[in-house]
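> Join these two chains into a complex; the hints should help.
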Amino acid sequence: MQNHPVYTDNDPQTELSTLNLGPTHPATHGVFQNVLQLDGERIVSGVSTIGYIHRAFEKIAEHRPFYQITPLTDRLNYCSSPINNMGWHMTVEKLLGIETPKRVDYLRIIIMELARIADHLICNSVLAVDTGAATGFFYVMEYREAIYEIYEEVCGSRLTTNIGRIGGFERNFNAIAFRKLRKFLKEYPVVLKEFENLTKRNRIFIDRTKDVAAVTAEDAISYSWSGPILRATGVDYDVRAMNPYCSYEEFDFEVPVGENGDVYSRYLVRQEEMWQSLRLIEQALVKLEKEPSDIFHADVPDFYLPPKEDVYNNMEALIYHFKIVMGEIPTPNTEVYHSVEGGNGELGFYLVNDGGRSPYRLHFRRPSFINYQMYAPMSRGMLLSDAIINMSSLNVIAGELDA
Amino acid sequence: MGKLTNEDLVKKISEKYSDQVTLLGEPFGLLTFETGRDQITDLLTWLKNDTSTQFIYLTDITAIHYPELPKPIGVIYHLHSLVNNVRVRIKVFLEDADVHIPTASNIWNGANWMERETYDLFGVIFDGHPDLRRILNVDDMTAFPMRKEFPLEDPNRVDKKDYFFGR
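Chains as they are written, first to last, in the working numbering: chain D, 1 to 403; chain V, 1 to 167.
Chain V with its partners taken away, still in its complex shape (with noise of 0.2 Å):
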């Protein structure tokens, strides 16, 4: 089994992709890109296909919200080289108003479902899916209820909150 260095990795990508890709860490071994949404088709498939990366393997997408940044809504893809047994994490952060990014639907068929989900939880906007609809919830729900503005418990409580244990 080859063995692709993380150090390896991050040449790689820089080499072919230089500014279009930024690496953000290396948070207990698992580098961590971020992308725009132009390059994520491209740099998946690329990632995919190259004989010396292979990560053939889709472990994960699913995404994250911060509501207080200016591309509050993040969408991260977990992937695993099999070959070379090294996974890598991939983020690529929208704007509130426009949460357009590509499907990888075309690239792995598993990425159906988890984009889906992604969709119904956060309201991604997967261009180019085949079949976009909420997954776990109901079809006709309104909100987005992962993302950070719908709070779980009912806000009129106070019994709560953070200045009750000296915070």
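Chain D with its partners taken away, still in its complex shape (with noise of 0.2 Å):
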């Protein structure tokens, strides 16, 4: 039989442990595994490893026509999909020159910050969860369901939204998208309220974010991270104020940026990002009382894809329907980046074409993967518990991190 030391607590205990923290582990929230090194409770030293659910989306983007690849991008980041898929039809936009009317963009405005703040509430919750506070997360989880409502009333889904055409929007939005948008307006911030008081001052939740996992505003930006967490660190960089799409630069709204770049202030460059959606909403739907209320797609019959009622009755709306499915109608041989703020950060499209029906190549500049290269460095000397509260901070998605 194996003797086994016996430790007493003046023992000096050299010998490192290994965890495997993953993939799976209930306190990672998903497919992410880590090997670290303990001394004890404190992390000497890990390497992440990643790919668990590599779905080679790049690859298949090469073989599909554009509109077959909005699926692709809504499995990215699951969390606010929508982001994705609109982003995807800009970069397309970009690429054809296709010019958006005004109440498209406001619609795609409103959309997109229900996204972000559907992305924030859940991370933001889980994080307290993950402290030991659930009551706040249950709290505002029922109000995600209310963001799904309105996405259910806009494109028929909930989670993997495929929301959208290149253009504008596959149908107009309908008077109870309205109704539950404007009930989730008047609603929501009494209880993004209520969270932030069972959360910000609380005590238990200070002792455990403040100052942990906490990054320098250059560590960040050598590291390429974008989103709440580089803003977090002071940085004030977000793609809708310096690069403006979709019309943000009608909008009048403040990018909150944290200053120690740790736990806490990440949980509050969300929190004030979910106040400055909600501002945002409400300013687009100001804004779309004065358009049209019936046009949500540009004129583009060359790419938008005709009602699937006139593609069952008309001969004309058939033949475009194919021609579109099947990527026939030429398009400009050239390349293109284009960015949008993605819930976690910078989601790139760099899309190039040879005038084929796929694209020749894409990339998704995907901000999970990039955030997450540095969790294994920055948790050297960390305990393991604030590690786990470390990763929650970084809003990693398994989707988008892997692709």
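In short, the hints are calculated from the structure, not lab data.
Some hints here could point you the wrong way.
[What the hints assert, rightly or not] To list a few chain V residues with every Cβ distance to chain D over 12 Å, as calculated:
| # | residue |
| --- | --- |
| 1 | Asn-6 |
| 2 | Ser-14 |
| 3 | Glu-15 |
| 4 | Asp-38 |
| 5 | Asp-98 |
| 6 | Gly-128 |
| 7 | Pro-145 |
[Unchecked claim] Here are the simulated lysine-lysine pairs, BS3-like style, with alpha carbons at most 30 Å apart:
| # | chain 1 | residue 1 | chain 2 | residue 2 |
| --- | --- | --- | --- | --- |
| 8 | V | Lys-161 | D | Lys-308 |
| 9 | V | Lys-3 | D | Lys-102 |
| 10 | D | Lys-94 | V | Lys-91 |
| 11 | V | Lys-148 | D | Lys-59 |
| 12 | D | Lys-94 | V | Lys-71 |
| 13 | V | Lys-11 | V | Lys-48 |
| 14 | D | Lys-94 | V | Lys-148 |
| 15 | V | Lys-48 | D | Lys-94 |
| 16 | D | Lys-94 | V | Lys-11 |
| 17 | D | Lys-183 | D | Lys-290 |
| 18 | D | Lys-323 | V | Lys-161 |
| 19 | D | Lys-308 | D | Lys-323 |
| 20 | D | Lys-290 | D | Lys-186 |
| 21 | V | Lys-71 | D | Lys-59 |
| 22 | D | Lys-308 | D | Lys-290 |
| 23 | D | Lys-94 | V | Lys-12 |
| 24 | V | Lys-161 | D | Lys-59 |
| 25 | V | Lys-161 | V | Lys-148 |
| 26 | D | Lys-193 | D | Lys-287 |
| 27 | D | Lys-287 | D | Lys-180 |
| 28 | V | Lys-91 | V | Lys-11 |
| 29 | V | Lys-3 | D | Lys-94 |
| 30 | V | Lys-91 | D | Lys-59 |
| 31 | D | Lys-323 | V | Lys-148 |
[Claimed, not checked] Pulled a few chain D residues facing chain V out of the computed Cβ check, cut under 8 Å:
| # | residue |
| --- | --- |
| 32 | Ile-50 |
| 33 | His-54 |
| 34 | Tyr-350 |
| 35 | Asn-353 |
Where a beta carbon is used, it is the ideal one built from N, C-alpha and C, also for glycine.
If you want it as structure tokens, here you go:
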């Protein structure tokens, strides 16, 4: 029988232990593996392994017409799929030189900001769960459902939305969608405020998050971080403000920045961004009133799919439908990079087109992939329990990490 | 915020690098240059550190494969000057038999995983990279799947051939 050493309180324990944190470890909310070397509870070093749900989206995209790439994009960050969908459609519109009507821009802003709220509320409430406060999570989660119901009115689906078309939306927003939206705008701020009351000045929450996993602005930029976690370090970089798309330049909103770059700052930045998103939606609703209510797409019959009813009953529409779906209509032979502010940061689409029916090359700049690479280096010297909180605050979505 | 125009940038780069850097175009306002692998480290370092350009933010590194070209593998860098709010794209084309290029991970820490991904999918070897391993695919894979010689679908399928669609 092997003799195991018996330690007393005063014995130095020099041997490191190895901990396989994941994949599918209950503390990591997803398929993340980190092989950690631990000295007691303190992390000495770590290696992150990714690729568990790699689905070769870039390769698949080389074989699909533009429309059929949309379902690939909403499976990247499935917490805020409409942003991915619309980011892709905007990239194609840029390539094809399609100008969208103002009403489409405003409707898109409404949906994208709702998606941002859905994304941030999950992240912040799960962060609270990780510190032991489950109540807030159940409380705000109800409002993610409310957002999904709005998506459902607009496109018929909830999680993987496939929302929008090249040039606009598949259908106009109906009265029920607007009613649900107004209900959400009325009720959510109260809940958000209450969630803030539960967490923002909570002693336990602050002790668990403040000064944990603090990152300097220099490191964050050097690691190409983007999104709320970059802004939490004090860098004022938001794609919506710096390179506006979708008429964001007409809106009045602030880009919240943090100070310490720690988990608490990230929480605060996300929290403030939700307030700003609500502000943006309110403004968009006011602007919508001045636009004709029947416009929901650009007049581009060469690329906008005709309504299904017409496809069944009208030969011309059927031909257009076929030509668009099969990628028969010529497209420019050039390359384009377009980025949008996703839930986690700069979501970029680099599309190289050769005029064929599918992109010659499509590369997704996935913020989670780029943000996550600092996880192992920054965990060094951290307590294991802090490393879990840190992972929650980075809001890495496995779909976007692996693509 | 100081604004650096594309014209200024072209002028600065051509003054400093003259014939070592070629301007490929300006698709959708994004300046695109081509350079060789001997200059790439110097060019990236200069773009990052020069006080007038300050491309401090590495947006992305990726690659592309043109099998019919003499230099089929292109490595593509997207840089962003957060100070001037200008982006630039830089391409380096490599021969099939010699897909070596110096790493940028000593200029930006973030280049580490981007280069690993590019290696994994295209087989570009980044010299000096601290940990050049596959990242998304399994370690014992032998192919570089984003290269064009690896088709997505079964090559024996005929129902999707172009001639069925009048092409």
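> Would you pick out the hints that fail for this structure and give their numbers low to high?
When the structure is compared with the hints, numbers 7, 35 turn out to be violated.
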